[in-house]
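Here is what each chain is made of, one letter per residue.
There are 2 protein chains.
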Amino acid sequence: MSQPKFLSGDEAGIDEFLDRFDVFLFDCDGVLWSGDHMFEKVPETLEMLRSKGKRLVFVTNNSTKSRADYKKKFDKLGIPAEVDEVFGSSYSAAVYIARILKLPAPKNKVFVMGESGIEQELEAEGVPYIGGTDPALRRDIEPEDFTNIANGSLLDPDVGIVLSGLDFHMNYLKTAIGFQYLQRGAEYLATNIDSTLPMAHSFFPGAGASGAGLEKAIGKTPVSFGKPSQAMMDAIEGKFKLNRSRTCMIGDRLNTDIQFGIDGKLGGTLAVLTGVSKKEEFLAEGAKTVPSAYVNAIGDLLG
Amino acid sequence: MSQPKFLSGDEAGIDEFLDRFDVFLFDCDGVLWSGDHMFEKVPETLEMLRSKGKRLVFVTNNSTKSRADYKKKFDKLGIPAEVDEVFGSSYSAAVYIARILKLPAPKNKVFVMGESGIEQELEAEGVPYIGGTDPALRRDIEPEDFTNIANGSLLDPDVGIVLSGLDFHMNYLKTAIGFQYLQRGAEYLATNIDSTLPMAHSFFPGAGASGAGLEKAIGKTPVSFGKPSQAMMDAIEGKFKLNRSRTCMIGDRLNTDIQFGIDGKLGGTLAVLTGVSKKEEFLAEGAKTVPSAYVNAIGDLLG
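In order, the protein sequence lines correspond to chains A and B.
Under our numbering, think of the first position of the first sequence as 1, with each following residue one higher.
Under our numbering, think of the first position of the second sequence as 1, with each following residue one higher.
Treat the hints with care, as some may be off.
Intra- or inter-copy, both count: the list cannot distinguish identical chains.
Said to hold, decoys possible - Under the rule of at most 27 Å between Cα atoms (straight-line distance), these lysine-lysine pairs were calculated in the DSSO-like manner: (1) 107 with 278; (2) 288 with 107; (3) 5 with 52; (4) 54 with 5; (5) 278 with 220; (6) 107 with 54; (7) 5 with 72; (8) 107 with 279; (9) 220 with 279; (10) 239 with 288.
For the record, the hints were derived by calculation from the structure and aren't laboratory data.
The following block holds chain A by itself, in its conformation from the complex (with noise of 0.2 Å):
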């Protein structure tokens, strides 16, 4: 594999870079932003890409934002960005739900496992679901709980679809109720499997993680929809009518966001050094994971 170029202060190379491509998908946490604190140069960047004709998509495996909360986010760090422009794990799964999967109603209901990113992009596409924020299921599981499981009286009938996401109030009670439904033959979805979330500069249980109980007590994997999954490529492909061979990721994490762009066989991919992912990972003899080209930071496009 050869060698990533490195663009920071390389103006030509930035240039020449830049024409290759007609969209860039952009990973968001660790590349525009970290937590609440934007890295420098950001809208000037976007602005420039714009400018240029580029198409621009926001993609994140984040499943506890909607695309609607995304768009605030954007608004309140003072990026510019359109809620179309924005393409995370939870509208990822809801649209494959909606209108690939398409169980028959009323046997479509979702148990939702996760917090009200699901809950918004699964309304946005006309799924119903049950679970998700309901404080009913954010308490311990009481001994009659067993029973009701089991007997299917806590259940609802209608329920054919699991689908779990990053769940800040895992608990036993919907583990059980997630693990009943499976055993029962739902179909077995989860927005994305992250094993870890950064945060506060350091790092903390992903989705792949709050949803892991439900994962070892099936014994299967869930079809899941986030970064470096395909699905979520080809969702996106679907969506924008994009050319791979014209279309540029950059992210900061190796094993996510650049192996998503080259599992998708798109025309490149640009790892930024301000996240997860360091470049001694990918300059190494013997990288798994190579980028086409890397930058410092996002900033350093401008040149």
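Given the coordinates of chain A, assemble chain B onto it according to the supplied hints.
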């Protein structure tokens, strides 16, 4: 592998089988009882074995109960047993921490992710711990917790071990704290990693499931003490000074109980059909885990 011998109704076969052993290791749930329902002739069968001079050990993966709790369960069902005859995964983990791992104090404190059975056994072995049933941790994670976990102000600097077991009160906060201790180098142990818990004639998430979030986040497998882990067999052998070739494991689950006896190179294993595994599983051509003998129910040993 030779076919297992069917002993129900075969008096000569039973006598010959029992004569081969001095010690019987019993799984409890699915062998002696199911939930709160005791199987037929259990006290009489145990009495018969004791009258022949056999030593009995009750081996359980259930980490929510201490040996003392188990003794109460035996009493309630009218099954004669002594606390010292009970060997649970929580006890096994506590003995390992106190007598084998022996981290130097005060850095030997355990962060418990589980129920009171673990706490009781750690206390009995003189091991300091936090977490467990502490009501302060039975709450939702709040935004400031992320910072305080990441910067360590919510952590106890003396924690050197994270011990995970079946936790009916699992939540994101405890998982995030346990994950932070592991990132800072704590030892990672689990009482057991059973994926499921048989309850109310169905299956619920087991200790391996309630602890799976931590395992997924850290990306490592814990050292675990439940069947079929040979750490538990070694501990039983150490405590009871048994002769493995004269010891028989009795259980209902092929992949835990029977495998435990086979891996431990015991003289024999006996499957009972009152629990999880069906005889078709071990009588099938090419079956992986095959007991030496089997009975329909434990009471059949009375002849």
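Consistency of the hints with the structure:
no.: 1; hint: 107 with 278; verdict: neither (46 Å within a copy, 32 Å between copies)
no.: 2; hint: 288 with 107; verdict: neither (43 Å within a copy, 38 Å between copies)
no.: 3; hint: 5 with 52; verdict: within (22 Å within a copy, 79 Å between copies)
no.: 4; hint: 54 with 5; verdict: within (21 Å within a copy, 74 Å between copies)
no.: 5; hint: 278 with 220; verdict: between (32 Å within a copy, 22 Å between copies)
no.: 6; hint: 107 with 54; verdict: neither (42 Å within a copy, 56 Å between copies)
no.: 7; hint: 5 with 72; verdict: neither (34 Å within a copy, 69 Å between copies)
no.: 8; hint: 107 with 279; verdict: neither (48 Å within a copy, 36 Å between copies)
no.: 9; hint: 220 with 279; verdict: between (34 Å within a copy, 24 Å between copies)
no.: 10; hint: 239 with 288; verdict: neither (30 Å within a copy, 48 Å between copies)
Hint compliance for this structure: hints 1, 2, 6, 7, 8 and 10 are broken, all remaining hints hold.
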